[in-house]
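*Asks:* Chain F is already provided as a structure; the job is to place chains V, L and S on it using the hints.
Below, each chain spelled out in residue letters.
Protein chains: 4
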Amino acid sequence: MKAARLYEYNKDFDVSVRLVDVPDPEITGPSDVIVKIGGAGVCRTDLHLIEAVWQDALGDPALPYTLGHENAGWIEAVGSAVTGLRKGDPVILHPLMTCGLCRPCRTGYDMACEQGKFPGLDGTDGGFAQYLKTSDRAVIKLAPGTDPVPLAPFADAGITAYHAVKKAMPFTYPGTTAVVVGVGGLGHFGIQLMKVMTPATVIALDQSRERLDFAMKLGADHAVLAGDDGGVGEILRLTGGRGADVILDFVAENNTPEYALKYLRPARGGTYIVIGYGGVVAPTTLDMISKEINIIGSIVGSSAELTELMELNRQGRVHISATTFPMSEYYRALLELDKGHVLGRGVLVPDF
Amino acid sequence: MKAARLYEYNKDFDVSVRLVDVPDPEITGPSDVIVKIGGAGVCRTDLHLIEAVWQDALGDPALPYTLGHENAGWIEAVGSAVTGLRKGDPVILHPLMTCGLCRPCRTGYDMACEQGKFPGLDGTDGGFAQYLKTSDRAVIKLAPGTDPVPLAPFADAGITAYHAVKKAMPFTYPGTTAVVVGVGGLGHFGIQLMKVMTPATVIALDQSRERLDFAMKLGADHAVLAGDDGGVGEILRLTGGRGADVILDFVAENNTPEYALKYLRPARGGTYIVIGYGGVVAPTTLDMISKEINIIGSIVGSSAELTELMELNRQGRVHISATTFPMSEYYRALLELDKGHVLGRGVLVPDF
Amino acid sequence: MKAARLYEYNKDFDVSVRLVDVPDPEITGPSDVIVKIGGAGVCRTDLHLIEAVWQDALGDPALPYTLGHENAGWIEAVGSAVTGLRKGDPVILHPLMTCGLCRPCRTGYDMACEQGKFPGLDGTDGGFAQYLKTSDRAVIKLAPGTDPVPLAPFADAGITAYHAVKKAMPFTYPGTTAVVVGVGGLGHFGIQLMKVMTPATVIALDQSRERLDFAMKLGADHAVLAGDDGGVGEILRLTGGRGADVILDFVAENNTPEYALKYLRPARGGTYIVIGYGGVVAPTTLDMISKEINIIGSIVGSSAELTELMELNRQGRVHISATTFPMSEYYRALLELDKGHVLGRGVLVPDF
Amino acid sequence: MKAARLYEYNKDFDVSVRLVDVPDPEITGPSDVIVKIGGAGVCRTDLHLIEAVWQDALGDPALPYTLGHENAGWIEAVGSAVTGLRKGDPVILHPLMTCGLCRPCRTGYDMACEQGKFPGLDGTDGGFAQYLKTSDRAVIKLAPGTDPVPLAPFADAGITAYHAVKKAMPFTYPGTTAVVVGVGGLGHFGIQLMKVMTPATVIALDQSRERLDFAMKLGADHAVLAGDDGGVGEILRLTGGRGADVILDFVAENNTPEYALKYLRPARGGTYIVIGYGGVVAPTTLDMISKEINIIGSIVGSSAELTELMELNRQGRVHISATTFPMSEYYRALLELDKGHVLGRGVLVPDF
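Protein chains in written order, with the working numbering: chain F, 1 to 352; chain V, 1 to 352; chain L, 1 to 352; chain S, 1 to 352.
Mixed in with the good hints, there may be bad ones.
If several chains are the same, the list does not tell them apart, and a pair holds so long as it fits within one copy or across any two.
[Said to hold, decoys possible] Listed below are the simulated DMTMM-like cross-link pairs for lysine to aspartate or glutamate, each with C-alpha atoms no more than 20 Å apart in a straight line:
1. Lys36 <-> Glu336
2. Lys117 <-> Glu253
3. Lys195 <-> Glu311
4. Lys262 <-> Asp56
5. Lys262 <-> Glu234
6. Lys195 <-> Asp213
7. Lys117 <-> Asp287
8. Lys141 <-> Glu114
9. Lys217 <-> Asp14
10. Lys11 <-> Glu234
11. Lys195 <-> Asp147
12. Lys195 <-> Asp221
13. Lys11 <-> Asp60
14. Lys2 <-> Asp351
15. Lys87 <-> Glu26
16. Lys339 <-> Glu210
These are computed hints drawn from the structure, not numbers from a lab.
So here's chain F without its partners, still in its complex pose (with noise of 0.2 Å):
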């Protein structure tokens, strides 16, 4: 089959990925399950992989592997300790394959599994591909009849949302603001998801009049375009001085964590969650303290979420902003959503 591997570690994506033919995957296991790729969302983890920012942190996998790790299909075909899935099945992927045996696994957190493998992203082979091999673990099916294409983004850029606005619920009530940094793939599920699972009033900010009008009508109440001081003097305004309760940097780079700790709520418990990475965020322990401020790293979501996720969405609560690209165009793919061209979400579709 074919597939886009990541070989190198350079940005000129023609070089570091390439398109090549590499055998069809087998199942060899009981609870393996292979699943035909309708849709591969290209995230801007992706364009991360391939600049080596997550080498070190995932071990230094060895290249080259397939890329893709936001992936929907159908099945193909399950190992021999699979019930309920039949081929043709439409199904979207949890983004790890999980061991159920583990702590975080039977405790809820199994994004975290002792024994996980990350396709697309440690090594294991991805989705950018005609075929992915998993475990009947990672396969939520969807309803009958379902078009799995355009749903591939919510198995990361959605999870991931979701569970960062999981874990700002806590910290919201009728009267709190809750901050959306960054209006793109996940931001975009950001803003929506806030609305529906929280009472909060949503602002949108980010550097883009185009996004900010693409985040108001994903109903955010307030749009604050990040200028020269990253949106603190309309934040603070917007929310009569008090600063927001909640923060959700989906960008979290550059100089946003700085920003973000100026338009974060003084008193009391101000909430600062840390999605995107690239950054550094550096308060003082005096500020912590003083201003009793928390503030929490977010990562992907367990499969739980994901089905909760899938559930809004059939119910038609939340909906998702995708851009297709044939497979074979995934240099440009990459380059459209390196540019920031992107509203939504990318989705990579096999054309081979």
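*Replies:* Relative to the frame of chain F, chains V, L and S by itself:
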């Protein structure tokens, strides 16, 4: 009456703090309470106040004012609307004077009162004096006949440790490990409280062997000397490489935050609670998310928490280690604290 | 002034409640507040008070006293220690007069104040009158220019529904179903609040088709007529046999608890929240454990919750359906309520 | 092999349960595990099974089947997909065989697995035998060299008490009182666990002075004999009239629920946790709301909870009191339990 007041920001305690005569406080409002000081704890924050560390965070309070934010004694006089308190009742004081009407006061976070005054800290006269004026909301009655003098440190050191331990509780279960950084006035409560309130294994971390011996007597399961590597190696060894699930950092200056991030468990939700101050905590956002870290500021505690803590003391489950100084020797008490010579907490007792 | 007072326990409302002249209330304490009543809600509890249902639970209060525990209006006069309130300010009143000093008051549960008085309920004079005396802690200011009259039902019906919905929140996630039993004054808030505050699918259950139509307009996802089987069959059908994850029973008399236990989901933690009263709930302990059921009582709500609720109303997210009656026609209002003829909530408006 | 199997519902244990020869269990699936039984606890639920109390709730399981749902021993054989377990490893078994795929399994409630089998209870063969077949998900490894025999009661009595204590934890703080009803196999764990996991004062309630002496040795703060008034008067006296904040009722039959509602604190959120069964709990809905009571069912516990509990045992913080019987004398063990003659828990040890 005599009072030790802060006159200027100056490391020479004889210059900065002066024992002077001031008028006795008087009842002027219906909720006023005047307490005859039995004991007033000496806190590292007193040193930091003298060093102007808090000057900005407190809005540059007018000098001079009387220090002493950790007070216990006996009721001397009460305003017309105060019920249930009589002259001679032994009491301990919540460190804040709170309004009772704002949201924090109404939702269990009165230490974040929007109208709060903090005697001994924000320019309001504190307890390094014969008498202190506060409000009825700050008063917690002790059992009749109780000697309030040695209990004073519960009012701030105790409550601050208790509040932090409450924040740690949700992250502990049997098999988890908590590191208590700094076995000083706060840490000596922190160790005991972690053992009483949680099932975590407790590791005490300090630079002094004497303090570590003290920690073991207080119930710590392990004691680690913060040597060249800040204790990182030994903590990783004791936890089988897993790292600490929870850290309560009562120091949080110099390089303790940097070390803490190294021995914090790298998987799913290691929680670093900052109670001390003076330094900076500066994780990369990649570390925040890939390790899904929580960094949580904690300061003081609520009046309900102080009541709970005094109940634990009454039951004999949390003890205090206090060294008393005559209040006229406040200079010596500050100096000994500065040199790290006080085990547990120093308490000034009026000798006028 | 004129006041409608409860003179004796008697189902004939003209005998039990009488409109009489009483002295105007006066400021006597520093925290006193006198409110000119704009509107006073009429509640099923008023009927129950008249029927002596509460006589024992309230400690047999001395008669007569003025009814009316759901009040809004304008500030008329304040005591010497009251700040921030001026004559003419529109306000809504938390139903309890609370001490602010006990543990419930200090921990966010002031509706359980250990010294609390409940005007209109426990013998303290309520708001079926031209003026009501309460304390500053009970006053929640409305935005300048707000008409408080139609908002009165938020003070008790609203807050009681809100408090119950807060208890329901931890048990909801996308895919769960909540049943709201009874689309009366409380239920009409309950339906709206469940939709705003939780991601649950909401089923309204009532004996009246008119009320069910009303429920659908309020945002219910489904409406079920409580016919011969109490709606059990239809609820099980709508939930695919799973049953309700959460029930908010605003009726809780006759056989509604019995039916509720039949459509409560039988697996892991179905939660039955009791807000109405008049009946008995009597599960076997075998059912309690084998289905791992929660049965949770809920009453009124805190002052902070009332503030949150008013914010939702201000934002236009929760509406009120109120029918006004001249206060002199209190008899007719009670009668209509008793007959189930009031959609939403009845409000008495002083016409003296 | 020899197995003690339930043949018919009959109070005469010699008739209902018979020691017979059955074929040894065999590995048939990739996740199968066969355990050589070291010890199998004898539980009041065994008596209830024999009495047909569970017949309906369990869907009328086919007889005969082997009793014994509280098992520990050594690995005998494993299926092809099982890793990390070797013949001879000492293990304790979570009582359920769970799927790992349903929502309860994925969210930390595997004891509510939608596909779960319960050996010794629901018709699946249990541990009153030489060997037991379960699945890898049910196996919790003990430290090498551990003797599993006396630990068996942790598998059900222990975990059930632990799960209930976890439910009690949010309702405890220093100054609260918990009543543990019934100092039998479960209660003897409950008392210890309440002391280790919470700061509550613990009152043990039982009909037997011998059991109450036992309770005091286990760490109870007070022991109350359930005399004519079910202990109501003494509990109210010990709590200064406040009543119990939390009740863990390990009996929950006859009139214990009725008494419990009498000594449950009448103000704000008294919590009655039902773990035993056989009776009815029947509060009025007026009591439910006016006292704002919680009634919470609790059953078994999750596999993660069993792991936590075994860690507490390993640390020496929770002890077990077990009386062993040769398995061939199962009749005597059941009889002694029925008569209330076993202190702590009885354990059958294969003697074949």
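*Asks:* Now tell me if each hint is right for this structure.
*Replies:* Right, here's what the structure says about each hint:
1. Lys36 <-> Glu336: Neither: 25 Å inside a chain and 61 Å across chains, both beyond 20 Å.
2. Lys117 <-> Glu253: So Lys117 and Glu253 fail the 20 Å test inside a copy (26 Å) and across (38 Å) alike.
3. Lys195 <-> Glu311: both (16 Å within a copy, 16 Å between copies)
4. Lys262 <-> Asp56: Only across copies: Lys262 and Asp56 sit 15 Å apart there, 31 Å inside one copy, limit 20 Å.
5. Lys262 <-> Glu234: This pair counts as within: shortest intra-copy Cα distance 12 Å, inter-copy 37 Å.
6. Lys195 <-> Asp213: For Lys195 and Asp213, the Cα distance is within 20 Å only inside one copy (17 Å; across copies 26 Å).
7. Lys117 <-> Asp287: between (38 Å within a copy, 19 Å between copies)
8. Lys141 <-> Glu114: For Lys141 and Glu114, only the inter-copy Cα distance (17 Å) is at most 20 Å; the intra-copy one is 25 Å.
9. Lys217 <-> Asp14: neither (35 Å within a copy, 56 Å between copies)
10. Lys11 <-> Glu234: neither (36 Å within a copy, 41 Å between copies)
11. Lys195 <-> Asp147: neither (26 Å within a copy, 28 Å between copies)
12. Lys195 <-> Asp221: Classified as both: same-chain Cα gap 9 Å, cross-chain 18 Å, threshold 20 Å.
13. Lys11 <-> Asp60: Classified as within: same-chain Cα gap 18 Å, cross-chain 51 Å, threshold 20 Å.
14. Lys2 <-> Asp351: within (10 Å within a copy, 63 Å between copies)
15. Lys87 <-> Glu26: within (14 Å within a copy, 32 Å between copies)
16. Lys339 <-> Glu210: within (14 Å within a copy, 56 Å between copies)
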